[in-house]
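With the hints as a guide, dock the two chains, each given alone in a separate frame, to form the complex.
One line per chain: the protein sequences are A and B, in this order. Quick note on our numbering: the first sequence kicks off at 1 and runs consecutively. Quick note on our numbering: the second sequence kicks off at 316 and runs consecutively.
Rather than coming from a laboratory, the hints here were simulated on the basis of the structure. Positions of the beta carbon are idealized from the N, C-alpha and C atoms, including for glycine. All clues stand as given, with none of them false.
Capping the alpha-carbon separation at 25 Å, the derived lysine to aspartate or glutamate pairs in DMTMM-like fashion look like this: (1) A/Lys182 - A/Glu153; (2) A/Lys76 - B/Glu570; (3) A/Lys72 - B/Glu570; (4) A/Lys270 - A/Glu244; (5) A/Lys219 - A/Glu274; (6) A/Lys128 - A/Glu161.
Computed from the model, here is a short list of chain B residues facing chain A with C-beta under 10 Å: (7) Arg321; (8) Ser322; (9) Glu418; (10) Gly422.
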Amino acid sequence: MHEPILSIRGLTKTYTNGPRALDSVDLDIKPGEIFALLGPNGAGKTTLIGAVCGLVRPTGGTITAFGQDLSKDWRKARARIGLVPQELATDMFETVWRAVTYSRGLFGKASDPVMIEHILRSLSLWDKRDAQIRALSGGMKRRVLIAKALAHEPELLFLDEPTAGVDVELRKDMWQQIAALKERGVTIILTTHYIEEAEEMADRVGIIQAGRIRMVDEKRAMMERLGTTEAVIDLAAPLAALPEALAGFALELSQGGTRLTYRGGNGEGKGRAEVAQLAQALTRAGIGFTSLDIHDSSLEDIFVGLLGEKQGEAA
Amino acid sequence: MHFNLRSALAIYRREMARAFRTAFQSILSPVLTTSLYFVVFGSVIGARMEPVGGVPYGAFIIPGLLMLTLLGETTSNASFGIYMPRFTGTIYELLSAPVGVAETLAGFVGAAATKGLILATIILGTARLFVDYEIAHPLLAAVYIMLVASSFALFGFILGIWADSFEKLGIIPMLILTPLTFLGGTFYSIRDLPAPWDAIALANPIAFLVSGLRYSFYGVSDVPIAVSLGLTLGFLTVCVVIIVVIFRTGWRLRE
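Just chain B, same shape as in the assembly (with noise of 0.2 Å):
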């Protein structure tokens, strides 16, 4: 297989300087409105709040507003990162550059993937501020975001060639992951649901997701910790497919 590190690079910061140029819509918009859930639901309402599974509510909501973000942020810059290109004609340069998949979504896929990893360790930073808590799982928690944030945009990257307008790039993280997430357990504990809400909450996938962090946080979860992290690889090993197949064909990329 070919692999072109300099391409892949060339791409990695590319994405990587459009991000810091607009530092303020990708870095510190998310981290205000994090900051907006954990003084409202962490601080005011959290201390008014019993814990959930031993763990203080405050410290609860964490892996669950963290994962909120991640999912949007993650999903939102891998789009955006093919669909301005394909919106704007500059994607003549990328297909016709002997690049191939592999550069494309290393580029791609692992700019969105860092950009991820930064408003982690920023989100996690301003989470300390209002609440305390403590990680038990760090390596493991550093693997499992890493995880989802590749997954998530290797997602946005199929969303960013599926879109043709900007209407349907914004569709589906709002319309269909931000609801689910905050549906999968973010605030709350899907064992608390009465029954049969409890298990088709479990019907989300971003349930799992959620679970799979909050473990690797406090090693309490809704679902073992292995479902999550089979069902998060599963999804990465689908996107990774989709995308092969859409380079192969050329579909949305070239005429």
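Just chain A, with the same shape it has in the complex (with noise of 0.2 Å):
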């Protein structure tokens, strides 16, 4: 077991005059992985991000990047953490080239035309390099900012809302970005409004609510632990009750005796394997049906079904 890359415990943040953004938090994040943290506008997504950059004083707890004490010792984990933040925020007058430069001058690295030419060219930005980021697109822009934040080459990077306003193409482009920034070895922590992008992506997932930490476990396994299957099932002739024949499976009857809905499986292929088991059942029972439509929980399925629970137990 590796030790984790960041660590945080019992973060707190209480703006003044203002709510409790974060409240204890507990985190660890492994080294390599990339980990979506989902969670609603107001959440504190951003707050704990600037807890980490630096951006925020954090009301009470302690953060641990790199086995050092970000309180005590934060220029040495700061120098290998990179952030890119969620508004387009970056001096437009400047070119793409020396605003890219700069940050890794900030950060105390020495020149590396090679290193950055590198990185644009990875971005698909070395043909914009002269250009005046004010010039650029949204899209653009956003890959000037993953540039400025790669530009010291950090082994923990931040992403606040990567593609936020980013067309689907582009989303997908960065989507490619990021696995490409996995593959050399950067931990990835990211925030998302689009559960499709954590889907795409993360290893694992934090929900966060209120401040608070509602889950955190892998992707996979969370989307096997309260991941379902549902199957709607049109009959060709109404029953008067469930036969015996399908006794084994989660069904219930309704409109009549003329729809079966099965609700089972884990997320992770087995709730369809038994609709293909029910489907074959049916058949052997010389049930008659005209329609089957089958649907996966995605893990905004999950999301909005915790969030609904936890607002639930609020109320």
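Structure below.
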């Protein structure tokens, strides 16, 4: 078991005259993983990132990165951390090359034009290196922010809503870039509103709500534990009751006996296999059906369900 | 104490690049304004004025005019330098970097002070076109200009952190620094003021700065040079202490 690259204990942040943005957050990030932090607006995602990156002063708790307490050895740790902020905040009158070179110098690294060229090429920014940032499209500006964050070769990278406002094609392109970073051994923590993004890329998922971490788990384990398959089968003729042959399946009869609804499985294929068995059982029992519609729950369904449950508990 | 030279240089270079990008605003505009002062007060009116303390009037006003521009420009440059990243959100990069107060000050204040020196050189060159003058203590003048430029760059830095609007950013240079410089003996010697105004004028700290610079130029001053130097060094120290406290507490920088 590797030591966590980032360890957060009891992290609390209360803004002056404001709400408690973080409430005793405990979180460990493993080296080399992509961790997706999901949560609704105002859940505390950006505050959490800000606390680690030095933008927010925590009210309480400890943050340890690379084994160093950030309240004491912040210089060493911060030199190894990169941040891509949510807002497109950069000097719009600078050229791409100068902006990225500045970022490398700011983090105390010696000038390395070859490295900068490599970063710009990998983000398809090389042709725009002499362009002023203000002249670039929104997607390109976001790439510049990523290039700036990568300029000092961070080992831990925070991506705060990296694909917000980016079109679908560019978003998928961004995913490839993030996957490539992981390949290079960079540990990535990303916050996102797009559950699809977390589903596509994350190794582990954390759900934050009202400043508290509600759940942290491997994405696969979460899908397996909380994921389900739903199958709706419209029957050719109504049934008065569920026949004995279908007793082993999690079924519900509705619509005057003309619709069978299956809910079960684990979000990792078990449900679909059972639906296939159910279809065979219906055929063997001579029960005809006119349509069969299968839907696997996504991470989004799990996320919405979990938040709904928690809000229900709180009410 | 940690000091990362590369980080400080990165900030310094970027600030200097920003100045050259806005050369008209940061250099040409004050030079033009100062030239107009020299034309009107130095050549036209100055030709009809009596020498002050043995110095021809046109030459007498050079240190004061230089101080007027130096204070305004270094304060504005440094305040904009830190206020704009706060305003646009780009300060996230500085705050998330392994950079402390020493590198930040060396970068921002060093650049503002350099711009002040460049400006001073250009203004002195411009003055030469209109009036004849000699600098009695050139080394002292250079050190003093650097000291004043650094002090007011630090002051501007504090201003840029304190301000939460563009209006506040302009208020201090416009409503306090400029009037105090005008009343601080830029165009006259405080000794020539009638009582009690000569004593009241000495309550204006800028008068000490103008007097100190004038001494380095012509060897004449309203107050002893040691007092002027001491006051400037004291002001510089107070500004540094305030900035260190701001960084320690994160006031207006970190949420």
